[in-house]
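J.: Going line by line, the protein sequences match chains A and B. Each residue of the first sequence is one higher than the last, beginning at 1 in this note's numbering. Each residue of the second sequence is one higher than the last, beginning at 1001 in this note's numbering.
Some hints could be false.
[Said to hold, decoys possible] Distance condition first, Cα-Cα at most 30 angstroms in a straight line; then the derived BS3-like pairs of lysine-lysine:
# : chain 1 : residue 1 : chain 2 : residue 2
1 : A       : K84       : A       : K65
2 : A       : K65       : A       : K104
3 : A       : K104      : B       : K1003
4 : B       : K1200     : A       : K84
5 : A       : K40       : B       : K1123
6 : A       : K65       : B       : K1003
Calculated directly from the structure, the hints in this document are not laboratory data.
Read off the chains here:
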Amino acid sequence: MPYILAVDDEADLLGTLSRLLGREGYEMGEATSGEQALMKINQRRPDLLILDVMMPGMDGISVCKQLRVDNRYVDLPILFLTAKNSTDDVVAGLDVGGDDYIMKPFEVAELSARVRALLRRGQRDSEKNPVLEIGAIRLDSDTYQVEINGVVTQLTATEHRLLRYMMEHPNQALSPQRLLEAVWDYPPRTGDPDLVRAHVRNLRAKLEKESSQTHVIRTIHGVGYMISN
Amino acid sequence: MAKILFLHRDQAAYDSVSIAVSPDNHMLISMNTIDGIQETVYRNTPDMIIVDASILFNHGLNTARQLRAIPRLEGVPILALTSTRAASEIAQVLDAGCDDCVRKPVVERELAARMRALLRRHKQADTQVILQLNHDHHIVYLNGRRLDLTRTEYDLLETLCLAPGEHFSPQALLEQVWQYPAGKGDPALVRNHVRNLRRKLEDDPDRPRVVQCLQGRGYTINAVIERW
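If we strip away everything but chain A, and leave its shape as in the complex, we get:
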C-alpha cells in the first residue's frame, strides 16, 4: 500500500486530503511545516509527497529544492498543491523539481488521478530493482535464477529476459508479436511466433518441473501468454 505524506499548514486541508486519499487505500502521513516534512521524510521515505507552497518558516519550494539535491530523494515524486496560481508560480514549482502542480481549489477526481499517475511512474522506475516477486515466483536478475516454492532454477539470458518482461507486465495477455519486439527486439511485425512458443515451452519445463505450481505461465487462447499474481 503506497505511503503518501501531505504537507500543509492548514490542518483542515490535511484532514480532507487524508480522508479522501485514505479512502482510496493509501496510507497517509501529515506534516504541518516544511521542517516537519523533512524530518518525517528522513524517518520514512514516502512513495509520494503532496506539498503546499506557502507555509510559515520553510516554504514548499525550499523543501523541494532541498530534497532534489539529496541523492536519496532526487526521484521522490512531488506534487505541488497550492493556491498560488499564476503561470510563473506553476513554472517555478515544476522547474525546482516538482513533478506535477495542482491549484487549489482542486477537484477530487483530478487530484486522485494525478496521484495515481505519479505513483504508477514511480513504480515503473523502481522496476530496475534486480529482484522481482510475483506470487510464488521470485526472479533475481543479478544471477538469472528463479525461485519457486524454494526450488531454485538457473535460466539462460533469453529465458530470463522473457520471464522478466512477463513479470513486469502481470495480468496482461502478451501476444507473441509483442514479446518478439520487447524481448528479442525484432522490428514490428517481423520474427517468428514459433520462437516465442519454443522459449515459453522451455521456460515452463524449467519452472513447472519440480514446483507443485502448474501453469506459472498461462496460455490465453487467441491472444498469448500471461503471468498472474
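Given chain A's structure and the hints, the job is docking chain B onto it.
T.: For chain B alone, coordinates are given in the frame of chain A:
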C-alpha cells in the same frame, strides 16, 4: 535537446506546441495518425510523446492504451492535450496511461515546464548503464548495444568489472591486464587504453560516467554488470 513525437490533427495545437518546444531546442516530429507508429518508433524512439485530443479520443481512449502497449515506448512519458475542462475526463485520460494532461488552450510556458518535468524524470530512470559481458566470446553489450572492442580493451573492461565500485591503480591494471611484473610498465599505456575504451562506451568521453577515475585511487566501473 529531446526528440518529441507529436500526434495531432489540429494546426492551432501544433502552433502552440512548437512555441513551447522552441526555447529548449527540442526536435518535434509530427504524425497525424497512429497507424504505422510502431515502425516509426522502432527506427527512431522518441523521448516523449504528446497526443492531442484530436487523436487521443479516437475509439474512446484506445489511443493511450495502444501507445502504452508498444514495447519501444515503455517508460516514454506521454502528455495529453485535452479540450475539456471537466476533472472527470482529465482523470480518465490519466488513468488510460498518460503521465500528464494539459488543458487547451495551451499556456506555452506551462506546457514547456511540464515537458521539462517529464523529461527530467525519464532521464533519471534511464541513467542506469547495463554492461553485459560474455567472457568466452569477448562480447560486450552496453544497454543492449554491442560494442566493438579490441582484445586488450575487453580485458581491461572485464578486469574493472570483476569488482564494480573498487578502484584499480594504473599499476594494478598493468599487472592484471598486461601481466607486467610488479613495478614495471608505463602508466601511460593504461591511460591510452582507457581513453580508447571511453570513446567507445561513454556518451561524452570528456565527462565519463561509466569508466571513472578518482585522483590518486585509480579507475573504477559504474554500471550494472551482467554475465552470460
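J.: The structure should be examined with respect to each hint, and the outcome stated for every one.
T.: Going through the hints against the structure:
1. For the hint pairing A:K84 with A:K65, the CA-to-CA distance comes to about 18 angstroms; that is within 30 angstroms, so the pair holds.
2. For a cut-off of 30 angstroms, the pair hint linking A:K65 to A:K104 stands: about 22 angstroms separates their Cα positions.
3. Annotation: proposed proximity of A:K104 to B:K1003 is violated, straight-line Cα distance about 33 angstroms (limit 30 angstroms).
4. For the given pair, B:K1200 sits about 48 angstroms from A:K84 by alpha-carbon distance, which is inconsistent with the 30 angstroms threshold.
5. With a C-alpha separation of about 28 angstroms, the suggested pairing of A:K40 with B:K1123 holds against the 30 angstroms cut-off.
6. In summary, the hint linking A:K65 to B:K1003 is supported, as the alpha carbons are separated by about 27 angstroms, within the 30 angstroms threshold.
Consistency with the previously given hints fails for numbers 3 and 4, ordered from lowest to highest.
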